[in-house]
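**Q** Turn these sequences into a full structure, and let the hints guide you.
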Amino acid sequence: MTDYHQGLAAGPANHTPLSPVSLVKRTAQAFPDTPAIVFDGAVQSWAHTYERCRRLAGALRVEGVDGQTTVAALCRNLPAAVELAYAVPMSRGVLNMINTRLDPEGVAFILDHGEAAVLFVDSGLAAVAEAALEIAARSPTLVLIEDPQAPFPEDWRAGGVPYEDFMAGAAPVAEDDLLPSDEWDAIALNYTSGTTGNPKGVVYHHRGAYLNAIGNSVEWSLPAHPRYLWTLPLFHCNGWCFPWTLAAKAGTSVCLRAPTGPDILDALRSEAVTHMCGAPIVLNMATTQAEADAVTLPAPVAFMTAGAAPPAAVLARAEQVGFAVTHVYGLTEVYGPAAVCAWRDEWNEAPAAEQARLRARQGVNYAVLEELSVRDPETLAEVPADGATMGEVMFRGNVVMKGYLKNPEATTAAFAGGHFRSGDLAVRHADGHVELKDRSKDIIISGGENISSIEVEGVLYQHPDVAEAAVVAAPDEKWGETPMAFIELRPGASVSSDAVIAFCRERLAHFKCPRHIAFEPLPKTSTGKIQKFELRARALAATGA
1362 MTDYHQGLAA GPANHTPLSP VSLVKRTAQA FPDTPAIVFD GAVQSWAHTY
1412 ERCRRLAGAL RVEGVDGQTT VAALCRNLPA AVELAYAVPM SRGVLNMINT
1462 RLDPEGVAFI LDHGEAAVLF VDSGLAAVAE AALEIAARSP TLVLIEDPQA
1512 PFPEDWRAGG VPYEDFMAGA APVAEDDLLP SDEWDAIALN YTSGTTGNPK
1562 GVVYHHRGAY LNAIGNSVEW SLPAHPRYLW TLPLFHCNGW CFPWTLAAKA
1612 GTSVCLRAPT GPDILDALRS EAVTHMCGAP IVLNMATTQA EADAVTLPAP
1662 VAFMTAGAAP PAAVLARAEQ VGFAVTHVYG LTEVYGPAAV CAWRDEWNEA
1712 PAAEQARLRA RQGVNYAVLE ELSVRDPETL AEVPADGATM GEVMFRGNVV
1762 MKGYLKNPEA TTAAFAGGHF RSGDLAVRHA DGHVELKDRS KDIIISGGEN
1812 ISSIEVEGVL YQHPDVAEAA VVAAPDEKWG ETPMAFIELR PGASVSSDAV
1862 IAFCRERLAH FKCPRHIAFE PLPKTSTGKI QKFELRARAL AATGA
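Everything in the sequence shown is counted per my numbering, starting at 1362 for the first residue and increasing by one.
Watch out, some of these pointers could steer you wrong.
[Said to hold, decoys possible] Distance ranges between label pairs, derived from CB positions: (1) A1677 - H1790: 20 to 28 Å; (2) E1715 - A1653: 25 to 33 Å; (3) D1826 - A1677: 39 to 47 Å; (4) G1819 - I1496: 14 to 22 Å.
[Said to hold, decoys possible] The calculated BS3-like cross-link candidates involving lysine-lysine, where the alpha carbons are at most 27 Å apart (straight line), are: (5) K1798 - K1885; (6) K1839 - K1885; (7) K1386 - K1763; (8) K1798 - K1893; (9) K1798 - K1767.
Simulated from the structure, these hints should not be mistaken for laboratory data.
Predicted model, so just to flag it, every value in this text is computed and none were measured.
Just so it is clear, CB atoms sit at the ideal spot from N, CA and C, and this is done for glycine as well.
**A** Quick look at the structure:
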């Protein structure tokens, strides 16, 4: 019998850890003069970006950053956010991009739970950062990212060192010292809302980040040198791993402070953008702006969207103005998109309405994901591919998270039975494509952001006139979904919808607050459990969907 192990061990010549860092190094060497980052008319080459990131990594190592150190950033889609996606892994630190829409309490919780040692702060978010630092127990080293259009206030009290000064005095990390010692080492920490209480910290590894970066390229048939517009927040699963995808394809990051309709359309035209990602609300926003300006894009722009499925009408309108839409599906726990509606040539012959229906399905697994399945959550048996039998969507493979930080119970529950359990309910069609039908966790997806219904309910219960409350998703043309609250008042109490919404806005990030309030008895089971399926039906009726 032949022994394929004898004398055939892995070594430095034939085995290195998979890491996105390698993609940055390779592109800087192969395409040094190709633009890597474009912002406010300034262009930064791949060679220059690579040198800056190595220097920034060196500065972080001087601060003591290593494989057990969290480096946090509260930063919009500025060039520094792209550089951090490259530099922090080079330093071997763990990058924690914080949701820029959170309130100070939410930011403070993440700083403390993740034990941030360094915090990069965008001047446009100075007020939130300063308030969060006053609440947090942690006192991280502060690095200040100055945005000329939104400078730090004169009364900024938190201190810190300017971004350029922080990296200026450091020696670049040597090119042969950039990779982690183990591809299973953590590369990023991303927080997801979950359904109960505080958010959970999802830990990514270098191997998964590398593979999903390649997966994006494969599933989107990404050409060399794409020009990518940053409308998707870089705090969303590290921008769905697209900073690293762009490194693999020598692409250009076209940075955008905020994804407003006019700014998106201006960038699409002035920067020769070829690709962009975002929630359906961004697709609708860009389409509506193009229609208002009577503009058809000079060349097709590939648009990858996820979250609540884009309505058929929006897909049709988007294609008319020049967007080529690809629908993907995933969660924070699987590095962003890990399934894609894989288009078949024969579907091009279907009527437009049927094409939109097919395109809105979640699809099949990425090539870099071992398995996407729909299973009975009790027996783990796969449901029949009949388009009717519902089961829980489960993932298995190399682009599934390491687990939840400091939460072994949640990690064990999520991986029970050898699969990652998404909590989403779906059917599988005869053609193999998965289609979501419900969310067992009651997560509301609004403008691409996850909102925990339980978190909103917890605030409603703080109102002195509220006896009971339940929150479900209500359809919304602009945001996809928004929270709707059903409330039973205390005996003799009287309060208006506007007053309840204002109460919530004082205690929650505004995007989490209910847009609709209904004062009526809550439907319950015989054991007193609120029947949310009934409330969803009422929300549909109330909003005219």
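**Q** Tell me the hint numbers this structure goes against, listed in increasing order.
**A** Structure breaks hints 6 and 9.
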